[in-house]
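Undergrad: Here the protein sequences come in this chain order: C and Z.
Take any residue in the first sequence, note its place counting from 1, add 6, and you have its number in my numbering.
Take any residue in the second sequence, note its place counting from 1, add 6, and you have its number in my numbering.
Calculated from the structure, these hints are not laboratory results.
Be aware that a few hints might be false.
For chains that are exact copies, the list does not tell them apart, and a pair is met inside one copy or across any two.
Claimed, not checked - Here are the simulated DSSO-like cross-link-like pairs (lysine-lysine), alpha carbons at most 27 angstroms apart as the crow flies:
no. : residue 1 : residue 2
1   : LYS159    : LYS107
2   : LYS8      : LYS86
3   : LYS128    : LYS8
4   : LYS134    : LYS74
5   : LYS8      : LYS93
6   : LYS128    : LYS93
7   : LYS128    : LYS86
8   : LYS152    : LYS8
9   : LYS145    : LYS128
10  : LYS152    : LYS93
11  : LYS152    : LYS107
12  : LYS78     : LYS97
13  : LYS93     : LYS116
14  : LYS8      : LYS159
15  : LYS128    : LYS108
16  : LYS107    : LYS93
Small disclaimer: the values here were computed from a predicted structure and weren't measured.
There are 2 protein chains.
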Amino acid sequence: MKLAEAKLQFIQSWGVLGGQWGINRTMAQVHALLLVAGNPLSTDDIMAELSISRGNANMNIRELMDWKLVDKSIVSGDRKEYFTAEKDIWKVATCIMYQRKKRELDPMLKVLGQLTDIEGDKRSAEMKAFAETIANIQKFAGQAEKTLDTVIKAEENWFWSSFMKMFK
Amino acid sequence: MKLAEAKLQFIQSWGVLGGQWGINRTMAQVHALLLVAGNPLSTDDIMAELSISRGNANMNIRELMDWKLVDKSIVSGDRKEYFTAEKDIWKVATCIMYQRKKRELDPMLKVLGQLTDIEGDKRSAEMKAFAETIANIQKFAGQAEKTLDTVIKAEENWFWSSFMKMFK
DNA sequence: ATATATTTTCAGTAATTATTGAAAATTCAG
DNA sequence: CTGAATTTTCAATAATTACTGAAAATATAT
Numbered sequence: 007m008k009l010a011e012a013k014l015q016f017i018q019s020w021g022v023l024g025g026q027w028g029i030n031r032t033m034a035q036v037h038a039l040l041l042v043a044g045n046p047l048s049t050d051d052i053m054a055e056l057s058i059s060r061g062n063a064n065m066n067i068r069e070l071m072d073w074k075l076v077d078k079s080i081v082s083g084d085r086k087e088y089f090t091a092e093k094d095i096w097k098v099a100t101c102i103m104y105q106r107k108k109r110e111l112d113p114m115l116k117v118l119g120q121l122t123d124i125e126g127d128k129r130s131a132e133m134k135a136f137a138e139t140i141a142n143i144q145k146f147a148g149q150a151e152k153t154l155d156t157v158i159k160a161e162e163n164w165f166w167s168s169f170m171k172m173f174k
Numbered sequence: 007m008k009l010a011e012a013k014l015q016f017i018q019s020w021g022v023l024g025g026q027w028g029i030n031r032t033m034a035q036v037h038a039l040l041l042v043a044g045n046p047l048s049t050d051d052i053m054a055e056l057s058i059s060r061g062n063a064n065m066n067i068r069e070l071m072d073w074k075l076v077d078k079s080i081v082s083g084d085r086k087e088y089f090t091a092e093k094d095i096w097k098v099a100t101c102i103m104y105q106r107k108k109r110e111l112d113p114m115l116k117v118l119g120q121l122t123d124i125e126g127d128k129r130s131a132e133m134k135a136f137a138e139t140i141a142n143i144q145k146f147a148g149q150a151e152k153t154l155d156t157v158i159k160a161e162e163n164w165f166w167s168s169f170m171k172m173f174k
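The task is simple: from the sequences and hints, build the whole structure.
TA: Written out as structure tokens, the structure is:
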């Protein structure tokens, strides 16, 4: 297989996967393109490779930068902006998990926190089902959060750091 | 706060969260509704609570059953079908992770497996960037899969089982 | 068997989300 | 400063995804 063909297939699959996980397909494709690029790419490169408009390219690059998955990269002697992606997939994964937690899970948990004090007979089946489900989710989320923090901080911690090296 | 109001807010938030993670918002709402219901609900109950059509309700209930998140439940003396949701959030989470892996990650990894043999100079920057990224993702996915299997099988294993009880 | 209740399907439509492209804003070299 | 290069914005439009409602299929009681 030719490299160009392989890249295309990778970009395509990464795009599909992104779509399934609630990420704009094009954003995932831009990310994929930068992941497999040997050198920084400009907006024009990205437009050309993915056949997308300037506006679309720009928006998705900005968003990838918000997610800390893509960085600007200066190419001397050129006024254009160039971009690179973080290529350590472990870092990519922890970054995405951390951000999705912050952006999406935390707001949900905040709402749950407001649903704990309900009027009425605490012993009715309806009441119990509700209270138990909410408490359950909160407990689960708390543990998941601890685990995520441990994983994210693993590299700053001598014990986990060495343990994680086996894992990575 | 009244129970009905709290339920509504929960259903709403769960729906938003689902949407952000690539799950049909209505499907997430049906799931939420069943999660906090004190008793099994019929299609008509779900239609009424969420103000959705019969077709929509039916489709989403079927899909939730495909995901093993919802089960039929027989109410004696009634011809209608009734539905309940798995309420142990730990089980819900492992179920979703397992199924998303199977449905979405595995196909991606299958594609990656086909992209390892590329024509051309193995030492070019482009080539190296590509090969390394692919290998990286595969390695990461392999470890993630092992971890997921461990977690899923935890309850069938005496050691993990007792360990997990602290966690749940 | 027939009537009736219930579930499923799916073509048409509505709602949402993504994309374009060109104008406006910004940046930067001379 | 000036003007060309570049980036950003956003209204219009396209593409995708979700929903409805009624007809068809299925199941159940008598």
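Undergrad: Now look at each hint and say whether the structure bears it out.
TA: Going down the list of hints, with the structure as the test:
For the identical chains of this complex, LYS159 and LYS107 are neighbours both inside a copy (15 angstroms) and across copies (25 angstroms), given an alpha-carbon limit of 27 angstroms. In this assembly of identical chains, the alpha carbons of LYS8 and LYS86 never lie at most 27 angstroms apart, being 29 angstroms within a copy and 57 angstroms across copies at closest. Within a single copy, LYS128 and LYS8 get their C-alpha atoms only as close as 66 angstroms, which misses the 27 angstroms cut-off; across copies the closest is 12 angstroms, which meets it. For the homomeric pair LYS134 and LYS74, the shortest alpha-carbon distance between copies (23 angstroms) is at most 27 angstroms, but the shortest distance inside one copy (42 angstroms) is not.
Within a single copy, LYS8 and LYS93 get their C-alpha atoms as close as 22 angstroms, which meets the 27 angstroms cut-off; across copies the closest is 49 angstroms, which misses it. Taking the shortest Cα distances, LYS128 and LYS93 sit within 27 angstroms of each other only across copies (19 angstroms), while inside one copy they are farther apart (52 angstroms). Within a single copy, LYS128 and LYS86 get their C-alpha atoms no closer than 64 angstroms, and across copies no closer than 30 angstroms, so neither meets the 27 angstroms cut-off. Taking the shortest Cα distances, LYS152 and LYS8 never come within 27 angstroms of each other, neither inside one copy (44 angstroms) nor across copies (32 angstroms).
In this assembly of identical chains, LYS145 and LYS128 lie within 27 angstroms of each other by CA distance solely inside one copy; the values are 20 angstroms within and 50 angstroms between copies. Taking CA atoms no more than 27 angstroms apart as the test, LYS152 paired with LYS93 passes in both settings, with 26 angstroms inside one copy and 22 angstroms between copies. Taking the shortest Cα distances, LYS152 and LYS107 sit within 27 angstroms of each other both inside one copy (12 angstroms) and across copies (23 angstroms). In the homo-oligomer, the alpha carbons of LYS78 and LYS97 lie at most 27 angstroms apart inside one protomer (17 angstroms), although the nearest pairing across protomers, at 42 angstroms, exceeds that limit.
Proximity of LYS93 to LYS116 under the C-alpha cut-off of 27 angstroms is restricted to the inter-copy arrangement: shortest distance 20 angstroms between copies versus 33 angstroms within a copy. Taking the shortest alpha-carbon separations for LYS8 and LYS159, neither the intra-copy value of 40 angstroms nor the inter-copy value of 41 angstroms comes in at or below 27 angstroms. In this assembly of identical chains, the alpha carbons of LYS128 and LYS108 never lie at most 27 angstroms apart, being 32 angstroms within a copy and 40 angstroms across copies at closest. Taking identical chains as interchangeable, the C-alpha atoms of LYS107 and LYS93 lie at most 27 angstroms apart whether they share a chain (21 angstroms) or sit on different chains (22 angstroms).
Hints 2, 7, 8, 14 and 15 from the list above are not met by this structure, while the remaining hints are.
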